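S.K.: Given next are the chains, with one letter for each unit.
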Amino acid sequence: MDTAVAQERENYLNASHGLKSWLLTKDHKRIGLLYLFTITLFFFIGGAFATLIRIELLSPQGNMVSSETYNKLFTMHAVAMIFFFMIPSIPAVLGNFFLPIMIGARDLAFPKLNLLSWYLLVIGGAFSLFAMIAGGVDTGWTFYTPYSTTYSNSWVIATALGIFIAGFSSILTGLNFIVTVHRMRAPGMTWFRMPLFVWANYATSLIQVLGTPVLAVTIVLLFVERVFQLGIFDPARGGDPVLFQHLFWFYSHPAVYIMVLPGMGVISEIISTFSRKTVFGYAFIAFSSVAIAVLGFLVWGHHMFVSGQSLYASMVFSFLSYFVAIPSAIKVFNWTATLYKGSISYQTPMLYAFGFIGLFTIGGLTGLFLAALGMDIHVTDTYFVVAHFHYIMVGGTMMAYLGGMHFWWPKMTGRMYPEGWAKLSSLVIFLGFNLTFFPQFILGYLGMPRRYHLYPAEFQVLNVMSTAGASILAVGYAMPMIYFIWSLKYGKVAPMNPWGATGLEWRTASPPPVHNFEQTPIVTHEAYDYTSVPAEEIEVV
Amino acid sequence: MSAPHSETHVDSVGTYVKVLLALMFCTVLTTWVAYIDLGAFSTVIALSIASVKMLLVAMFFMHVRHSSKLTKLVVVGALMWLGILLVLTMTDFVTRNM
Amino acid sequence: MSNHAHSESLELRVQFDTAEQQRDASTLGMWLFLVTEVMFFGGMFAAYTVYRNLYPEVFAICSSSLNAVLGAVNTCVLLLSSFTMVMAVRAGQLGQQKAIIWFLILTLLFGGIFLGVKAVEWKEKFDEHHIPGQAAFHLEGLQQADQGHAQLFFSLYFAMTGLHALHMVIGAGILLGLILHAKQGRYSASYYTPVDVAGLYWHFVDVIWIFLFPLLYLIDRHLGK
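Chains as they are written, first to last, in the numbering used here: chain A, 1 to 541; chain B, 1 to 98; chain C, 1 to 225.
Hints are computed from structural coordinates only; laboratory data are not their basis. Every value quoted in this text rests on a predicted model; they were computed, and no experiment measured them. What you were told as hints is all true, and nothing was included just to trick you.
Okay, the calculated beta carbon distance ranges per label pair: (1) L488(A) to L180(C): 45 to 51 Å; (2) R65(B) to G162(C): 28 to 34 Å; (3) A119(C) to Y147(A): 31 to 37 Å; (4) I105(C) to T150(A): 43 to 49 Å; (5) S16(A) to G177(C): 27 to 33 Å; (6) L79(B) to I123(A): 28 to 34 Å; (7) I105(C) to L488(A): 51 to 57 Å; (8) Y346(A) to N97(B): 57 to 63 Å; (9) E20(C) to I123(A): 31 to 37 Å; (10) M90(B) to V461(A): 45 to 51 Å; (11) L166(C) to G14(B): 30 to 36 Å.
From the three backbone atoms N, C-alpha and C, an ideal C-beta is built for every residue, glycine too.
From just these sequences and the hints, can you work out the full model?
M.R.: Have a look at this one:
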């Protein structure tokens, strides 16, 4: 393709100019990029708090910050990372950008609502940022009562309000995706021809729509208790703080799947593309996404084994928790089977996908340890739990997010990133990640509790290893940030289909035109049918 | 694009009036029955009447009767998830002293 | 068909191929929004279920302190507003522009009456010191030890009726917008989706009240006699 021609062609980036054309855009692709800027900001804010935490934990004496400040640091790290980075990450950036294109639609069903969702995230983020700057919040991201309603003197309400508002961003995005998948598919795009990334985002949207409102009402009840002295959870009036935990985890356990399911969708795309094989067990992977979404609502009590919840309920929740392992394992086995006898190329997105499969498996299996009542009571509130969920969220979701960013970057920007640097960064991140979090499994098993800045001296070696790993991880995360920006100006111009992939997004120009396709595509093939890709379109880089 | 569009059904005014009268009757009934000692059945009856009223509103006023399978699935799904929330939360509270 | 095409193209947004697709999307979108509302109120219904189960006698006594007759009358007012709302939708289906406006105005009126009665009831609670969180809180006929549990009931009462009323206020705002647009003649038999979709919301708010009424006003009324 001629470079000059490619640059002159009108696309969604150069169709209109000026700040206003971005802030008032209804184009799902531009809104995806707005989300990208926003969540990147929050990723670095959350990362800054993580850095301070790791520096504090270099020494066992806790001599850098006071314990109050430390409480605020881990709370704000989690608030920024979970609600303003992880939850919106893959759905709101990559999903927003690619879900409509992948089903052959011109836009989401409700573009204005989509823009509103972004503004809600920004407004919610502004409230939480204000709280962080004004003095922070120290309740832990879980806002457990009665500490959060009665005793904490920090900025609980501003933070909670921020999360409440951002929650509606999440709800409306989910609603928009579900309607889009049901009503906007191109001719011939049947349910079982949809890419697995779309299935994964559809399942995620179900959780966002069914779960997030319960978090919203929980925050409302927290708000009226703290501000108007209504006593919904107040033990002094016969209220039960454990009820708060039930309502909170009804959302917040499924929220883990809001974070990881879209990542699994990304991995399905990457694994198939870079092994040039149809995904093994397509229907199983598709349905396992929905199964995870459903089962995820039945297990929340496993966060509450030591809360005073009845033993009977704990046994029920423990038992149900094991079922989530089935669809998760189905995915891992099917990806592995897809690789078998595939024509594998080790390009950057694939390296991230390998990272995801390995780390997610470790995270998932340690989740089974924690679902077992006896084992859980031994390691409750220790670094074992911290390591477990970081393997899922950072080892899983973050790997998938970066894999997806590399996979689709040429399509989003029309530029290739430097492959050598990208491969290097994926290795640095993989090593840094494991050095940061694997020692935490050991620390936790040995009994180091989470959320303390003081610890016995014998834990120092492992903590220093963890901090060293975190600094490597930080370098790894800074690298893509730099070369992605670099590539915007100096990167090679991306062809239409640099990976020889099958999705509809690779059948339109890079970057795509404003309404995604010159004419509405008509789908005649299954997803991942590599015989359907015209040979002349593939310009493997 | 997928779901075939169902034709618009225009219900008669008489249908709506009958539904309204049924709803009002149910309101009077539930208020009256609350003053009678039925033991544990008081709650059951109150909730049953409320459910009937909900069904009337949903089926007629919200046109679920004429709606697609998808809409019906959405309604059933919402009630199921509400059920999950209530039932699993109560598994804890009703077994606290066992 | 050809005379429809003109009015359809006026309202058809660029992402849709047909007016039918656009309407189906709006309707599904509203139903999904109502799902989120079910779960939103669901959290409070869960809290209610837990506490009513823990303190059944106190809840019955608190419930009897509410005015059941006023509640029943108000329920009927709300049901009436649902009736006029569905009549507005029907007028939309038939393209009767005048009737749309009048039925919407009636709906707004009944909604307003409902909120007015609610306000009177709340004021009564203030006068009777049935406001949780205040030092003066006291419910007659209960021992000191049970006053806290009574506060739980009234916390739920205010949270649930308050959020329901908030939804009514939002609904009233939507109705106002619809009335203005209807006066401009925007709705016709081929395009009345906003009225239809707003109707779904209004009926949903009605359904919530259908459950709130027996749960809050009618617990074991016979005990009070």
